[in-house]
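A.B. asks: I would like the entire structure built from these sequences, with the hints used as guidance.
Going down the list, the sequences are from chains A and B. Okay, so the first sequence: first residue is 279 according to the numbering used here, each after it adds one. Okay, so the second sequence: first residue is 3 according to the numbering used here, each after it adds one.
Hints are computed from structural coordinates only; laboratory data are not their basis. Check each hint, because a few of them may be wrong.
Claimed, not checked - Below, in silico cross-link-like pairs of lysine-lysine (DSBU-like), each with a Cα-Cα straight-line distance of 30 Å or less:
no.: 1; chain 1: A; residue 1: K538; chain 2: B; residue 2: K208
no.: 2; chain 1: A; residue 1: K288; chain 2: B; residue 2: K205
no.: 3; chain 1: A; residue 1: K553; chain 2: A; residue 2: K538
no.: 4; chain 1: B; residue 1: K205; chain 2: A; residue 2: K642
no.: 5; chain 1: A; residue 1: K288; chain 2: B; residue 2: K208
no.: 6; chain 1: B; residue 1: K205; chain 2: B; residue 2: K128
no.: 7; chain 1: B; residue 1: K274; chain 2: A; residue 2: K317
no.: 8; chain 1: B; residue 1: K205; chain 2: A; residue 2: K371
no.: 9; chain 1: A; residue 1: K351; chain 2: A; residue 2: K371
no.: 10; chain 1: B; residue 1: K208; chain 2: A; residue 2: K351
no.: 11; chain 1: B; residue 1: K119; chain 2: A; residue 2: K506
no.: 12; chain 1: B; residue 1: K274; chain 2: A; residue 2: K642
no.: 13; chain 1: A; residue 1: K642; chain 2: B; residue 2: K208
Claimed, not checked - Simulated coverage check for chain A against chain B, where a stretch passes if three residues somewhere in it have a Cβ under 8 Å from a Cβ of chain B:
no.: 14; segment: 342-356
no.: 15; segment: 463-475
Even for Gly, the Cβ is constructed at its ideal location relative to N, Cα and C.
Listed below, chain by chain, are the residues.
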Amino acid sequence: MNGNGLEGYKVIDLTHYVSGPYCTRLMAGVGMEVIKVEKPGEGDGARCMGPFVNDEPDIEKSIPALFLNANKKSITLNLKTSQGRDIFLELIKGADILVENFMPRVMPSLGLDYETLRGLNPALVMTSISNFGQSGPYRDYEASEIVEYALSGLMYITGTPEATPLKLGLDVSQQVAAQYAFMATLAALYSREMTGEGDYVDVSIMECNTGLLDWQLGLLLGLDFIYKRLGDLNQKGHPWGVFSCQDGWVCVCAIGGNFKYVTEMVGDPRLRDPKFMTSAGRLENRDEVSSLLLPWLVEHTREDIFHALCTKPSCAGGMVLNTEEIVNCPQLNSRNFFYQVEHPEAGKALYPKGPFQMSEIPWKEGRAPLLGEYNDEVYSKLGYSKAELVQLRQLNVI
Amino acid sequence: MRLPLNGVRIADLTHAWAGPHCTANLADLGAEVIKLEPPTGDMRRGFRVGGVMSGPFPGGEPGEKPWNRNIIFNIINRNKRSISLNLGTVKGNDIFKRIVKISDVVIENLRPGALSKYGVDYEVLKEVKPDIIVVHMSGYGHSGPWMHYRAFGVAIEPMCGFFSLTGYPGDSTPIRSGVDHLDPLCGAHAAGAILAALLHRHKTGKGQCIDLSYLESGANFIGEALLEYTYNHRIRGFIGNRHPYRVPQGCYRCKGEDEWVVISVGSDEDWKAFCQALGNPSLVEEERFAKPLNRLKHQDNLDQLIETWTSQHNKFEVMDILQNKGIAAGAVLNMAEVYRNEQLRERGFLETVTHPEAGIHECFGPRFKFSRAPLYVYCPAPPFATDTDYVLGELLGISDEEIEQLVAQKVIFREPELMAEIESP
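C.D. replies: Structure follows, in structure tokens:
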């Protein structure tokens, strides 16, 4: 059999906002058929999230939604009507995967819990992504990105010691959970292919993010040490972080004895002092090291420093790039990371492809769907005539 | 009872964090992950610093074999097996190929070109096993002008935009995340890609080569900001702890030293409930704050008012009071508080495992719960090369005598080679 082996799998995507949609973005990108089920009229709440293309608030111009929902097929369906729920069950019968990220009480309140759906389709894999998981004292707690970041333990260690703890400027907690949901759902599907039986996957945003703290847990268990926020510094070594240079910010990293390459580049004989030759020594004398590096940093551009450092053994450089610079990055462009999208309402723009390059499964280069764009295609396959679809629309079922 | 990936075998050449994080998740899902460590062991087992192995160790004790007692290694490498071989020897190379022949996936995060250098790149491995899935993880990917650039997670984070989006408003200093996010982030994407490849192989019989770059992985986390540039030609900066339209939102001081709570208020109903919770219902009607657009304008004043209230309470109290009114609020937990947290404990997220040389310790369990498959930490991280007899003897059918010869010839290692005196990262 030729072609993409993932194309035969059908995903019913009940997700909204970010954590669910990033998971199903990955599924759609590798070729699975992702049918995004949205509320008639307004659609996924993310469609009201800005920024908007040309600052024009419109459900087809929400930039977060355009990114997250590329390659998906949108249908409208009102799950609050009993006919809507019946249609949903028909969709489930023919599906391989269901993903949702409502508050835990929602699916059971609609009569759409896993046990019910499993009765209809024992091969179904159902995945629920929620703030804290489907159980526990926080189960019904409200959360948003900043709350998740704080409760995971990540926020306490981010920011400068003199200021408040700081949240990362991206919806990182939600997307992190989505990655684990993606791998776990596919694993359950793989198991289904071996056994014929599906399973229910419960992903907690809190757990996925707390799970990034393996180091910090180790330091707590071994040394009773509570990791604190250090701004741009790092307990792993020095230099091991971001420094100001001539035309912006650059990252300088040198392990242990390989600091000698930095010393050579900088050329200041004071840096050859034995106290700077070990990681421990440099950590202890951080401020002095930084001040000795400063004159050299201030005289060189990000590019100079980056290219010079990245070719030295066990050193690494990085540049603080903004979004414009990333879009123009020669490495990303040589790897064809961006592709051109033409969207009927939002217009033309470059989009990033997926997070991995697979030799047999090229990333799908599609766009986000218009609300309900695939109603005809999906519902006609279920046997509904155009006339029936008109009636269902009038009854606010779709 | 079957675990989802029972029957899948992974030849794991990865080291440090990103790769091992990927394979730990696959091991949690039931795959048999065989770490193929170099003679000096996975660098996460520790380094010699001034003649002493770097820790952390349980109770601060390195013990006789410190490389088996490093807590961070043991947390990251749960559920895996280990052997050690020298890929640079003819026999070691041959054994590797025999392992590949009975494996489903080969994964590495060595420097790009390393597998070619050892004569075992994808083209060669395809001849050994036609449907093999080979996974490369590297900073910039296996092609392009920066392919051979040295890279650590922390150096690439600024390259994928995380830094340019994170900082305090009014201050131009970009701030790094407290965790080297890109390592586990790329690892998690890798695990997903491997699962996609396994499903593809199930349907088509074909393996493939997967090339992951930290840079591309990370850039997927700022997709929205990238599109803001490509559509609107606007370069996004940082807004600290605030939100474009949820107000009030921020991090507020509570009673005690370095004690904080975060609050995020959405709708008008939330705003009313919030004012009641503060014991100040008249705030709702105040001109400055009544409507959301006004609240956004007067955020500084509002934040001051809120902090006057929060600073009189313990952060958990504030969280309880607000959550009881249906408002999103969370205490900013430090590691000790995370470790004790009632939600994580109730869910059994911290699991206890007994390590033959490091003793009983806890680690985070699988990052997902299945209702039927019983996922858990079923075995501790492997002591160095502990599975030599299992892999070489049982799986490859090599005799005991031959195994000992291979050890004597320094093709296979039962104990790690003394590392050169180097520094820890």
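A.B. asks: Look at each hint and say if it fits the structure.
C.D. replies: Hint by hint, here is what the structure shows:
no.	hint	result
1	A:K538 <-> B:K208	47 Å, violated
2	A:K288 <-> B:K205	14 Å, holds
3	A:K553 <-> A:K538	13 Å, holds
4	B:K205 <-> A:K642	19 Å, holds
5	A:K288 <-> B:K208	21 Å, holds
6	B:K205 <-> B:K128	18 Å, holds
7	B:K274 <-> A:K317	27 Å, holds
8	B:K205 <-> A:K371	21 Å, holds
9	A:K351 <-> A:K371	18 Å, holds
10	B:K208 <-> A:K351	28 Å, holds
11	B:K119 <-> A:K506	41 Å, violated
12	B:K274 <-> A:K642	45 Å, violated
13	A:K642 <-> B:K208	19 Å, holds
14	342-356	holds (count 4)
15	463-475	holds (count 10)
Figure legend: structure checked against the earlier numbered hints; hints not met, in rising order: 1, 11 and 12.
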